[in-house]
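Colleague: Given the sequences, and given the hints that come with them, work out the whole structure.
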Amino acid sequence: MKSAVIVFPGSNREGDVARALQIVSGVKPALVWHADTALPAGTDLVVLPGGFSYGDYLRCGAIAARAAIMDAVREHAARGGLVLGICNGFQILCESGLLPGVLVRNARLRFICREALLKVERNDTPFTRRYAKGAVVRYPVAHGEGNYTADADTLKRLEDEGRVVFRYVLPDGRRDDAQVLNGAANSIAGIVSEKLNVLGLMPHPENHVDPLVGPTDGRALFESLVGALEKA
Amino acid sequence: MKARVLVTLKSAVLDPQGKAIEGALRSLGVPGVASVRQGKVFDVELDTVDPAKAEATLKDACEKLLANTVIETYRIEFVG
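The listed protein sequences derive, respectively, from chains C and L.
Add 288 to the 1-based position in the first sequence for the working numbering, that's all there is to it.
Add 43 to the 1-based position in the second sequence for the working numbering, that's all there is to it.
By construction, these hints were calculated from the structure, which means they are not laboratory data.
One or more of the hints may lead you astray.
Unchecked claim - Listed next, with one range per pair, are the computed distances between beta-carbon atoms:
1. E511(C) with E98(L): 50 to 56 Å
2. V79(L) with I400(C): 19 to 25 Å
3. F121(L) with D448(C): 43 to 49 Å
4. E511(C) with L71(L): 53 to 59 Å
5. K83(L) with A366(C): 30 to 36 Å
Note that CB positions come from ideal geometry on N, CA and C, so glycine has one too.
Modeller: The structure is reproduced here in structure tokens:
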């Protein structure tokens, strides 16, 4: 699996995700600078990492979404190539139009840094095939703007098409939109594109891959990608 | 010529920051504030004197970057 992690000024999770990819796939990903105009030849997976690109100026992800490399990322996605956006990467995907909706300030205005429980709503995507459908997993979250919002038509379309892949849930696995940690509509933590090749999520699977740190629930997401690409 | 671009949240979008400011004003005892919505102001200098051209440029700037039209609307004003 050849992966490319895009680095913007202010990205800070590129090392974490590169390490996770290397642990799981055995291959070191390329780090690609935002001002570059092309991805390395043969790139299978593009990752937009977490952080605070451009200091979150204007809107989270807004300026990064207009960076030179993003045209290459859009072309990669249009060809059906895999794109994973985590946290700030999810915000960049929404700002760039690769995913619908937007992530706004958390409902209670607090920066949330803790572990979140997520339900894996479907396991027929390249990102989740190694999870059981309906599994509840633990990923850390660390964001101030993770409150997913879209207009009613977009939300309906996402639900009708089953494009919500990760949802925040309570310890008993139940979803409660009134109690969701950041106020996200329909408890949405992560969504995929129509062709299932672009995933954006606020929580950080890359930080739960090493038993030294604790839970390893994030590992299966990267294993899923390796598996999906081997099969292809 | 100079222009001012105002970007505000659409009325249907919740504005937690505006709500917090509203609460702070209330706790300060500032009377008569019914509600607060927070927005952004951009003062832009343009190298044209043609209002139509300036308007077109700013519209383009808003659609491409200054506003996220999923949640925000924008207004362009020309100043002095």
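Colleague: Hints numbered earlier in the text: which of these fail when held up against the supplied structure?
Modeller: Those not satisfied: there are none.
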